[in-house]
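K.L.:
Below, each chain spelled out in residue letters.
2 protein chains.
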Amino acid sequence: MSHRAISTLTVRRSLSTPAAALLAGASIWSARGDLQRHFTPVLSKTRTPRFVSATTKSRCSAASAAAAEVPYEDPPVARQYGITIGDIHARRKRDGRLVAGTAATADIDSFKTFPAWRELPKARRWDHILSKESASREPCVLKQAAVHLKKPGLISLGGGLPSPENFPILSMSLRVPTGATEFTEAAAASEDGGASITMGKYDASQTLGATSGGSGPAEEYDLSIALNYGQSAGSPQMLRWVTEHTELVCRPPYSDWRTCLTVGSTGALEQALRIFCDRERGDTMLTETYSFSTALETATPLGIRVLGVEMDEQGMLPESLDAILSGWDVRARGGSPKPHLLYTVPSGQNPTGATQGAARRRAIYDVCSLHDVYILEDEPYYFLQMRPYQRDRPATSSRPAPALTSVEFLESLIPTFVSLDVDGRVMRMDSFSKVLVPGSRMGWLTASEQIVERFVRHGEACNQGPSGFSQAALYELVERTWGHEGYLKWLAHVRESYTQRRDILLDACVDHLPSGIVSWSPTAAGMFHWLKVDHTKHPDHGKRSILELEEEIFNLCIEKGVLVGRGSWFAAEPDQPQAGLFFRTTFAAASASAMTEAIRRFGNAVRESYRL
Amino acid sequence: MSHRAISTLTVRRSLSTPAAALLAGASIWSARGDLQRHFTPVLSKTRTPRFVSATTKSRCSAASAAAAEVPYEDPPVARQYGITIGDIHARRKRDGRLVAGTAATADIDSFKTFPAWRELPKARRWDHILSKESASREPCVLKQAAVHLKKPGLISLGGGLPSPENFPILSMSLRVPTGATEFTEAAAASEDGGASITMGKYDASQTLGATSGGSGPAEEYDLSIALNYGQSAGSPQMLRWVTEHTELVCRPPYSDWRTCLTVGSTGALEQALRIFCDRERGDTMLTETYSFSTALETATPLGIRVLGVEMDEQGMLPESLDAILSGWDVRARGGSPKPHLLYTVPSGQNPTGATQGAARRRAIYDVCSLHDVYILEDEPYYFLQMRPYQRDRPATSSRPAPALTSVEFLESLIPTFVSLDVDGRVMRMDSFSKVLVPGSRMGWLTASEQIVERFVRHGEACNQGPSGFSQAALYELVERTWGHEGYLKWLAHVRESYTQRRDILLDACVDHLPSGIVSWSPTAAGMFHWLKVDHTKHPDHGKRSILELEEEIFNLCIEKGVLVGRGSWFAAEPDQPQAGLFFRTTFAAASASAMTEAIRRFGNAVRESYRL
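Those protein sequence lines, which keep their order, are chains P and A. Read in order, the letters of the first sequence correspond to residues 1 to 612 in UniProt numbering. Read in order, the letters of the second sequence correspond to residues 1 to 612 in UniProt numbering.
By construction, these hints were calculated from the structure, which means they are not laboratory data. Beta carbons are placed, not taken as given, at the ideal position from N, Cα and C, and that holds for glycine. Any given hint might turn out to be false.
To be verified - Just some of the chain A residues that point at chain P, by a computed CB distance under 7 Å:
(1) 140
(2) 147
(3) 148
(4) 178
(5) 181
(6) 193
(7) 197
(8) 298
(9) 422
(10) 569
What the hints assert, rightly or not - Derived lysine-lysine pairs resembling PhoX-like cross-links, with alpha carbons at most 20 Å apart:
(11) P/151 with A/560
(12) A/150 with P/560
(13) P/532 with P/338
(14) A/560 with P/560
(15) P/132 with A/560
Input sequences plus hints: build the corresponding full structure.
P.N.:
Set out below in structure tokens:
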């Protein structure tokens with residue numbers, strides 16, 4: 001097959017995109033000279049010949065064709081997903097103004113742009129794995145009654161929706177960067193790079209009236225709608241944007257995919273676990289050996305058992321996943337049935353920073369298909385996929401990289417699980433937290449109609465969807481100010497900012513950590529850098545446990561003035577002996593000089609423990 | 001005892017306050033001439049001699065003393081709760097500036113003003129009723145590590161908090177009424193009645209720096225804090241306000257009470273049910289015969305059985321509650337243990353609009369003490385307690401009532417359950433939805449330290465607390481613009497607005513509903529008006545079930561262009577035969593003329609069904 005050819009092609013075109021690096025696979029990882037410090041000796045072996053998907057192939061071909069032939073207005077690379085931003089604009093123009101008032105429900109299908117989506121097969125049904133809780137959840141009777149509101153002339157004395165005349169906020173304004181110049185804080189504050197955008201209380205109510213003859217302003221969303229009760233799935237206004245963005249980035253290859261807003265991926269994961277896992281059934285969730293601690297802390301009180309799948313620098317190993325599932329013995333597993341749920345963070349995994357390449361994702365998906373496992377794809381760091389780290393990079397790379405077009409940016413991303421998902425076996429969780437603001441407490445998910453329906457029913461009882469302030473603010477920003485094009489450029493800007501931070505942290509690691517003892521694989525996405533400390537070289541090796549050494553080094557770190565994450569905090573199976581001695585660091589928050597100093601302190605803590 | 005004396009005193013002073021009406025008890029309810037249409041024949045009988053609590057007594061005495069003697073700066077009625085707004089200002093002045101940066105934890109005790117709170121006894125422990133899920137919930141390891149951040153000079157590479165330089169919002173401004181003139185939309189838009197308030201990204205970060213010598217502006221909260229990750233309990237800045245407000249309104253009579261923010265009371269109830277109820281234990285939740293449908297829909301999928309307690313126009317009957325608990329037979333109840341959880345909406349109950357008077361609340365609390373039942377007090381409509389409805393009211397009452405002082409407003413409110421709560425057996429859920437904006441998806445709760453701690457642990461996994469946009473916006477409004485005084489005046493304004501709406505709806509009921517068939521008890525709080533249709537007078541009585549008649553009338557309503565709520569939607573035990581034929585209406589949303597027309601249509605639907 002064309003693995004080698006495609007890798008070469010991609011690498012030749014642009015070694016600086018992370019997709020290129022990861023498509024190129026292990027050869028890139030092992031070509032990093034003195035930085036070849038893998039934290040596990042396991043190398044990825046693809047067990048399926050389809051490790052480069054059709055989607056990936058067409059992307060790369062289109063990409064190579066793009067450079068020479070096609071004008072910007074009709075970007076060929078975005079075509080890989082079937083649609084372009086231009087197509088979205090055209091569809092919107094055809095559709096006319098979105099009319100959606102208080103607590104309106106959204107018709108997600110009407111927001112899809114790819115013309116042939118109806119011809120795709122439907123997702124599979126997942127009734128056989130729903131929990132008792134989720135299966136027994138009835139629709140909210142008051143929200144159901146809203147169907148009668150469509151009757152012309154009907155007066156509702158039904159739902160207790162407060163009258164917006166009593167909302168004490170007439171308008172909300174935000175000062176934001178327009179992207180016309182740069183996306184920096186200075187640009188946002190300046191006249192030509194920033195703007196103050198305002199949403200009034202009745203901006204769209206006049207528009208709603210306009211459908212019956214009047215002529216109001218052109219706005220489609222306002223505070224009287226956003227700040228009243230809404231559907232737990234989210235407002236049609238935000239869902240339109242989210243659906244379009246998802247189609248642009250992922251385009252799930254089945255027909256009945258849906259989006260709905262979440263109160264952030266932490267909450268979305270909790271809801272998902274309660275939809276798919278059942279305490280009484282003794283269900284097991286599969287995840288990486290080291291996994292996001294909050295995900296583990298969410299699963300345990302629900303009575304869900306957690307099993308870690310071995311991983312390397314590209315994350316979860318499909319061979320290990322297959323071995324666990326193929327050899328599952330219910331009795332030996334204490335009565336737990338064969339797992340049907342996998343939780344994974346494919347890009348910039350928390351805590352290890354591992355990023356699954358395209359082939360790895362395809363292989364994991366194939367194993368899940370084989371064993372009928374449902375996949376929770378948690379992707380907060382998806383858009384923070386970085387160019388490979390180089391110690392001796394050209395001077396230019398210490399300056400910001402030239403701005404990417406939205407097409408180049410999309411081209412640089414590894415395909416998502418949901419873009420491989422012919423079965424509708426993936427729930428993808430997207431987040432604004434890492435790329436806009438965590439405080440929005442708002443994200444979205446993509447899954448099949450059946451699963452989104454269960455999720456929305458759940459949300460009606462447990463949170464009623466995200467804040468209206470958040471929906472209004474993000475609508476103002478990503479819809480009214482930036483649009484899809486501007487948002488993708490913003491993402492490229494944020495990624496560049498984190499890439500520079502990563503480079504500073506990795507430089508410090510090279511400069512300040514005792515080589516031969518501390519090793520790592522340079523992180524290719526996200527916010528985390530995972531450090532392996534070789535416990536076999538500790539003078540007390542064999543006398544003290546890994547956990548004792550970890551605690552000693554952690555305490556020395558605090559003593560010397562640096563806080564790092566202990567590997568054991570992230571162990572999927574904390575009752576099992578630790579496989580190695582690890583620490584998680586982040587380059588997200590501290591300043592450049594502080595990061596360097598912090599790594600120096602960490603190095604000193606390790607040296608002191610090792611008596612060097 | 002002094003029941004009669006106090007009632008008379010209060011009623012004489014101000015019959016127009018709802019507390020007065022309800023303190024006066026059944027005599028007020030039965031003194032309503034032609035509007036004496038109780039929807040059940042059951043009259044309240046207080047089974048305990050302590051039906052007027054010490055708190056209530058001192059309130060009334062203080063109130064009567066207030067009018068003549070004491071200057072405004074030291075309001076005596078607020079003294080009933082131990083503190084005044086002036087006391088809060090004085091305590092804040094002593095405490096100095098609140099310094100709380102990103103993801104800071106709040107010390108709730110430091111926000112308490114009542115000087116003797118430490119001398120009160122502690123709440124009881126509730127370990128014996130915690131669910132398996134809640135009891136097994138461990139603290140979030142990453143949030144625990146934050147304790148090390150207090151070490152001076154420590155650099156954190158621990159938590160993956162995004163850098164605020166990448167937050168694309170420089171400032172947020174809101175146009176709001178200041179309350180200097182009126183609270184109307186027109187006032188908010190005007191120069192002397194409104195203001196544009198702004199929160200910048202780094203307003204408080206400079207302040208934080210000021211603690212180490214610099215001099216920044218005086219702000220205590222900014223977007224760099226609000227829009228980053230925070231504690232799931234909420235920001236210290238909002239929690240200070242919420243704690244002060246709670247102390248002013250409720251002052252729980254035990255020492256270790258706490259507050260924490262919620263994502264609204266819908267979500268808070270779901271969390272509470274999972275803290276106190278256990279599917280495997282077969283737990284039962286007690287509530288009113290007719291109860292909030294979303295609460296019922298939340299309980300069922302969790303495997304919680306629901307049992308309805310009989311009610312009258314003052315809500316739940318303590319005698320009925322006592323009878324259920326005293327006679328509990330585990331075997332006859334299908335193995336369900338004696339209930340330990342009561343869910344109630346004391347003011348303007350949803351759906352019946354019933355409001356428990358002070359004596360009723362005391363009696364319910366006493367029954368709960370006797371049987372060791374924990375109380376979930378859901379109070380979204382608490383501040384919408386209205387003056388009694390009069391059909392032939394003086395012309396002046398069609399104009400807005402004269403503005404109340406904050407003290408008069410507090411005086412007019414029936415004491416809360418949590419203000420009677422010597423045991424710490426109450427979780428009170430407060431909401432901004434009905435009095436500010438539902439879209440904030442933010443409220444708060446008050447309970448003992450143990451229960452709040454379990455709640456916060458839960459929130460860390462299932463939602464991470466309310467939106468930062470919501471916290472920032474409401475902080476700007478209630479803290480920076482209004483303060484406690486302004487907020488209480490705003491509440492009085494909103495209450496007056498809903499009172500006028502209620503009067504319009506009730507006038508329409510008097511004018512347009514077939515008397516002798518449709519009856520009601522005028523609602524005294526909230527947003528709902530409950531209509532009883534006498535099914536025994538239906539020509540098909542005995543031939544068709546109540547549910548069939550309900551469906552027929554509902555469909556006729558839709559046909560005639562009015563949407564109302566069906567009583568059966570709210571039945572606590574939907575599998576039991578309906579006790580009567582009821583419909584819920586709301587006066588919250590429709591315009592005055594639309595409400596009147598809607599009730600006329602409802603009357604016609606009933607007449608058609610009854611062949612009149």
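K.L.:
Evaluate each hint against the coordinates.
P.N.:
Evaluation of the provided hints:
Contact between residue 140 of chain A and chain P, as hinted, is supported at the beta carbon level, the nearest pair being about 6 Å apart and thus within 7 Å. At its closest, the beta carbon of residue 147 of chain A sits 10 Å from a beta carbon of chain P; the interface hint therefore is violated under the 7 Å criterion. A least Cβ separation of about 5 Å between residue 148 of chain A and chain P falls short of the 7 Å threshold, and the interface hint therefore holds. Taking 7 Å as the C-beta cut-off, the interface hint given for residue 178 of chain A is violated, the closest approach to chain P being about 10 Å.
Look at residue 181 of chain A: its Cβ only gets to about 14 Å from chain P, farther than 7 Å, so that hint breaks. The beta carbon of residue 193 of chain A is not positioned within 7 Å of any beta carbon in chain P (closest approach about 11 Å), and the interface hint is therefore violated. Hint status for residue 197 of chain A: violated, given a least beta-carbon distance of 10 Å to chain P, over 7 Å. Interface hint at residue 298 of chain A: satisfied, since its Cβ lies 4 Å from the closest Cβ of chain P, which is below the 7 Å cut-off.
Contact between residue 422 of chain A and chain P, as hinted, is not supported at the beta carbon level, the nearest pair being about 31 Å apart and thus beyond 7 Å. Taking 7 Å as the C-beta cut-off, the interface hint given for residue 569 of chain A holds, the closest approach to chain P being about 5 Å. A C-alpha spacing of about 10 Å is found between residue 151 of chain P and residue 560 of chain A, which places the hinted pair at or below 20 Å, so the restraint holds. Restraint check for residue 150 of chain A and residue 560 of chain P: the C-alpha separation of about 14 Å stays at or below 20 Å, so the hint holds.
For the hint pairing residue 532 of chain P with residue 338 of chain P, the CA-to-CA distance comes to about 32 Å; that exceeds 20 Å, so the pair is violated. A distance of roughly 76 Å separates the Cα atoms of residue 560 of chain A and residue 560 of chain P; the hinted pair therefore is violated under the 20 Å criterion. Of the supplied pair hints, the one linking residue 132 of chain P and residue 560 of chain A is violated, its CA atoms being roughly 40 Å apart against a limit of 20 Å.
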